[in-house]
Each structure stands twice: as C-alpha cells, then as structure tokens.
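A.B. asks: Sequence order for the protein chains is A and B.
With the working numbering applied, the first sequence covers 1 to 112.
With the working numbering applied, the second sequence covers 1001 to 1168.
Hints may be right or wrong, so weigh each one.
[Said to hold, decoys possible] Per label pair, the in silico range of CB-to-CB distance:
no. : chain 1 : residue 1 : chain 2 : residue 2 : range
1   : A       : 102       : B       : 1029      : 31 to 37 Å
2   : A       : 85        : B       : 1037      : 40 to 46 Å
3   : A       : 70        : B       : 1058      : 18 to 24 Å
4   : B       : 1102      : A       : 58        : 35 to 41 Å
5   : A       : 58        : B       : 1070      : 33 to 39 Å
6   : B       : 1021      : A       : 85        : 41 to 47 Å
7   : A       : 70        : B       : 1102      : 33 to 39 Å
[What the hints assert, rightly or not] Listed next, the in silico DSSO-like pairs over lysine-lysine satisfying Cα-Cα at most 30 Å (straight line):
no. : chain 1 : residue 1 : chain 2 : residue 2
8   : A       : 102       : B       : 1007
9   : A       : 102       : B       : 1146
10  : B       : 1036      : A       : 94
11  : B       : 1146      : B       : 1007
12  : A       : 94        : B       : 1007
[Unchecked claim] Chain B is nowhere near these chain A residues, computed Cβ spacing over 10 Å in every case:
no. : residue
13  : 2
14  : 19
15  : 81
16  : 108
17  : 110
18  : 111
I should point out that these hints are in silico values taken from the structure, not numbers from a laboratory.
Yeah, the Cβ is synthetic: ideal placement off N, Cα and C, and Gly gets one too.
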Amino acid sequence: MPVLARWIEAAGIPTVIVTMMPSVAEERRAPRIVGVEFPFGHPFGMPHDAGMQRRVLELALRVLAGAAAFGTRVDLDVEWPVPLREAYRSWQPKEPSPIVRKLLEARRQQGA
Amino acid sequence: MVVDSFKFLPRSFRPLYEGRGPHSGEGTPVWTPFQKRLAESRIALLTSAGIFLKQSQPSFDLEHEQSHPDWGDPSWRAIPASTPDADLAVAHLHINDEDLLADPEIALPARLLAEFVREGVLGGAVAEHVSVMGYQDRTLRDWQIKTAPELVAHLLGQGADGLILAPV
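Pulled out of the complex, with its shape left as it was, chain A reads as follows (with noise of 0.2 Å):
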C-alpha cells in the first residue's frame, strides 16, 4: 500500500498513508504518514466511535494538507481501548489466510 500511495502521488495527486505499520510505510517511502496503535483491520479507530474516528481523519487531513517535506510521519496518540490479548485475537480471521496456511504447512514439513 505504501508503493501504491508512491505510484499515485508520483502521477500528481498528493497522499496521505494512515496505517497501523508506520516504520514499515517509511521503509517502504511513502510520502506521508500516520500511524495508529491499532489491530489490523481498524484504521479510523473502532466500530462506532465516531470521536475516536474523527481524531485519526483531522490528523490525516492536517499531515496531508500541511506536510512540509517528503516522509513525514505523524503518530496518532490514542490507546486501543481493548486488553492487548483480547484485541491481538480477535482482529485475525477466523480460519487462517492461504498464504499463512501455506507457510504453516511448510514450516511443518521442515519440522517433520
């Protein structure tokens, strides 16, 4: 997602990127970023705080508009308001993905 945010604002349209991996968005070079300490699957924040949703867009809108140089990272100080254990669980899929299957299954043949 980070290479996409590259390839759009290389074309002329400037991008923000708010992601719950922020120093892999800035290994990868996106232009702009916030990064939010949430579970995947969550980047404006939980279901229905639209308090905790308004907070990640203002900054989203503040580091895209007002960003005044290429990499500028932005951290979202709020905490997930979920016990770490709890959260960690419930944001994975309910059966594993087919890559993550794939490299299971493989780690277990390397086991065998």
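Based on the hints, put chain B in the right spot on chain A.
C.D. replies: Quick look at chain B alone, frame taken from chain A:
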C-alpha cells in the same frame, strides 16, 4: 508517543515486513505539494479492505487466492460516497471482517468525510471513493501496470486534490 508497528502482529510474521527496505525501484522520494487550503479541496479515500457493492459489483476473487496463496486479486472498485452500510460487502481473507461489516467507517469513513465538508473544514469529497484488496503478490506488478494508472485516472476524473489511503 511513537506507535509500535508490530504490537498486534504475530511475532513470526514480523520478518515478512520489517527490514526489507524500499520496494524494488522505489527508493527515491516522490512528492506532490498540497497547494490549496483544505476548505477549497476535494478529498478522496482509498481502502484496502476489499469492500465492494453487494448488489452490483463482483466480489474480489477469493476462490483463486485459495488455490494460489501467493496471489491476491489486483482489481479495484469505485464506491459511491453515499452508499448505505448495508449495501457494502467485504472480501478479505486476512482479517476478521465482523467490525468492518458492523461499521465500514473504520476503514472507509465516507460519512465522516461528508461531515467535515458540511462543517466547512473541507471543500468537498469525491463522489466515488475507491477500494482494493490489500493482499497482493510481492511484485505488485498488476497493481503497477494496471490498477495504479486506472486509480489515478479515476481520481483525476473525480477532481481529487488529495487522497487518504488506509490499509487494513
């Protein structure tokens, strides 16, 4: 406060993301200055949640991904900003979609963006935001050759002055 990018990621996945550097050929800065005031700008959203219109658009192709785990559907969908939540569906095998279906605003905050327009913070929002499915083959070739140029043409056609991308 500095975000821990790996807080919610299983530890064994971390090397798949960390320390890999830029994508091939994508190491130099790219920059388009944002020149207007927000109150005079039209903003677009891009989600990678695999959101599509239940009644009128095909799903992202999850069947092919099931049999080809290194592949992800590289196509995209235009999502009208006024679409009711009940008309949206999610096709993404890498996340639990319960919260997304309960409140799509957590990935595509089109209603909130429209509120900002009503409040005068923004000049406008595009009529059609965009959706992709974020799991892609590592080369990103189809995105580069086909999807990105199509997205750019769509966004320019919509008069977008800026884009907020939100990977899930």
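A.B. asks: Does each hint fit the structure? Answer for all of them.
C.D. replies: Verification of the supplied hints:
The hint said 31 to 37 Å for the Cβ distance between residue 102 (chain A) and residue 1029 (chain B), and at roughly 35 Å that hint holds. The hint said 40 to 46 Å for the Cβ distance between residue 85 (chain A) and residue 1037 (chain B), and at roughly 44 Å that hint holds. A hinted range of 18 to 24 Å for the beta carbons of residue 70 (chain A) and residue 1058 (chain B) is inconsistent with their spacing of about 37 Å. Between residue 1102 (chain B) and residue 58 (chain A), the C-beta spacing of about 23 Å breaks the proposed range 35 to 41 Å.
At roughly 38 Å, the beta-carbon separation of residue 58 (chain A) and residue 1070 (chain B) lies within the given 33 to 39 Å, and the hint holds. The beta-carbon spacing between residue 1021 (chain B) and residue 85 (chain A), approximately 32 Å, falls outside the hinted interval of 41 to 47 Å. For residue 70 (chain A) and residue 1102 (chain B), the hinted distance range of 33 to 39 Å is satisfied, since their beta carbons lie about 37 Å from each other. Pair hint residue 102 (chain A) plus residue 1007 (chain B) holds up; C-alpha atoms about 24 Å apart against a cutoff of 30 Å.
Straight-line distance between C-alpha atoms of residue 102 (chain A) and residue 1146 (chain B) comes to about 28 Å, which keeps the hinted pair within the 30 Å bound. Between the alpha carbons of residue 1036 (chain B) and residue 94 (chain A) the distance comes to roughly 44 Å, so the proposed pair goes past 30 Å and is violated. Our distance criterion of 30 Å between C-alpha atoms is broken by residue 1146 (chain B) and residue 1007 (chain B), whose separation comes to about 34 Å. Restraint check for residue 94 (chain A) and residue 1007 (chain B): satisfied, since their Cα atoms lie roughly 20 Å apart, inside the 30 Å limit.
With a least CB separation of 8 Å from chain B, residue 2 (chain A) falls inside the 10 Å interface cut-off, contrary to its annotation. With a least beta-carbon separation of about 6 Å from chain B, residue 19 (chain A) fails to lie farther than 10 Å from that chain, contradicting its non-interface assignment. Every Cβ of chain B is farther than 10 Å from the Cβ of residue 81 (chain A); the closest lies at roughly 13 Å, confirming the non-interface assignment. Non-interface status of residue 108 (chain A) relative to chain B is upheld: no Cβ of that chain comes within 10 Å, the nearest being about 13 Å off.
Annotated as non-interface, residue 110 (chain A) keeps its C-beta farther than 10 Å from every C-beta of chain B; the closest such distance is 13 Å. Every beta carbon of chain B lies more than 10 Å from that of residue 111 (chain A), the smallest distance being close to 13 Å; the non-interface claim holds.
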